[in-house]
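Modelling step: build the complete structure from the supplied sequences, incorporating the hints.
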Amino acid sequence: DQQVKQNSPSLSVQEGRISILNCDYTNSMFDYFLWYKKYPAEGPTFLISISSIKDKNEDGRFTVFLNKSAKHLSLHIVPSQPGDSAVYFCAAQTQGGSEKLVFGKGTKLTVNP
Amino acid sequence: NAGVTQTPKFRILKIGQSMTLQCTQDMNHNYMYWYRQDPGMGLKLIYYSVGAGITDKGEVPNGYNVSRSTTEDFPLRLELAAPSQTSVYFCATLLTSGRRAGELFFGEGSRLTVL
Numbered sequence: 001d002q003q004v005k006q007n008s009p010s011l012s013v014q015e016g017r018i019s020i021l022n023c024d025y026t027n028s029m030f031d032y033f034l035w036y037k038k039y040p041a042e043g044p045t046f047l048i049s050i051s052s053i054k055d056k057n058e059d060g061r062f063t064v065f066l067n068k069s070a071k072h073l074s075l076h077i078v079p080s081q082p083g084d085s086a087v088y089f090c091a092a093q094t095q096g097g098s099e100k101l102v103f104g105k106g107t108k109l110t111v112n113p
Numbered sequence: 001n002a003g004v005t006q007t008p009k010f011r012i013l014k015i016g017q018s019m020t021l022q023c024t025q026d027m028n029h030n031y032m033y034w035y036r037q038d039p040g041m042g043l044k045l046i047y048y049s050v051g052a053g054i055t056d057k058g059e060v061p062n063g064y065n066v067s068r069s070t071t072e073d074f075p076l077r078l079e080l081a082a083p084s085q086t087s088v089y090f091c092a093t094l095l096t097s098g099r100r101a102g103e104l105f106f107g108e109g110s111r112l113t114v115l
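These protein sequence lines map, in sequence, to chains A and B. All the letters of the first sequence, read from the start, carry residue numbers 1 to 113 under this note's numbering. All the letters of the second sequence, read from the start, carry residue numbers 1 to 115 under this note's numbering.
Calculated from the structure, these hints are not laboratory results. Keep in mind that this is a model prediction, so the values were computed, not measured. Keep in mind that a hint or two might mislead.
The calculated lysine-lysine pairs, modelled on BS3-like cross-linking and capped at a C-alpha distance of 30 Å, are [said to hold, decoys possible]:
#1 K100/A <-> K9/B
#2 K57/B <-> K100/A
#3 K105/A <-> K9/B
Okay, here's the thing in structure tokens:
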């Protein structure tokens with residue numbers, strides 16, 4: 001039973017264009033969502049997060065949108081750069097449940113020069 | 001400031017062997033975690049600890065053991081290695097206060113192959 005789903009295993013975009021990575025969840029108790037980025041042979045690193053009381057959070061080129069009614073969130077990267085090429089994991093947790101962080105399978109983003 | 005350090009980075013084990021994956025952190029974080037990542041899959045929680053002397057099972061604890069005698073160290077023990085334990089293992093700590101509370105800090109990973 002996959003509670004956090006990233007249905008696109010891979011995504012390829014041109015440098016300078018927008019990258020949109022999608023994530024769906026099934027557990028309505030999730031109230032905090034995070035995106036992590038992972039380069040080969042490295043551990044994941046935190047990218048951006050959003051609380052369920054918001055529907056948008058921005059940090060530079062990265063914006064996360066949350067649609068609670070659809071149980072859907074998306075990560076937008078604008079403009080995309082070759083250095084953004086990595087695997088992106090969506091993760092979700094319930095309030096006070098840091099130990100219960102649930103990860104999606106990841107989406108491999110390739111940004112072509 | 002090293003953050004989260006895992007050793008070894010690579011290891012090949014024979015079926016039935018035992019080994020310990022080491023994890024140490026210098027961030028003074030109370031929460032520590034062990035995840036495994038299988039190819040094409042997300043990270044699965046093996047064990048976690050909310051502080052020295054306290055550990056609890058995650059989603060996939062079978063075949064593993066942990067201990068937490070100090071804040072800094074959180075070793076993961078495999079007692080009888082099986083091919084199903086071939087994976088990349090990540091140790092992580094959790095920031096619990098401040099603007100970025102809820103952020104996990106990961107080590108670089110330990111790639112384990114069981115033959």
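So, going through the hints one by one against the coordinates:
no.: 1; hint: K100/A <-> K9/B; result: holds, 26 Å
no.: 2; hint: K57/B <-> K100/A; result: holds, 11 Å
no.: 3; hint: K105/A <-> K9/B; result: holds, 22 Å
Hint check: no violations occur; every hint is consistent with the structure.
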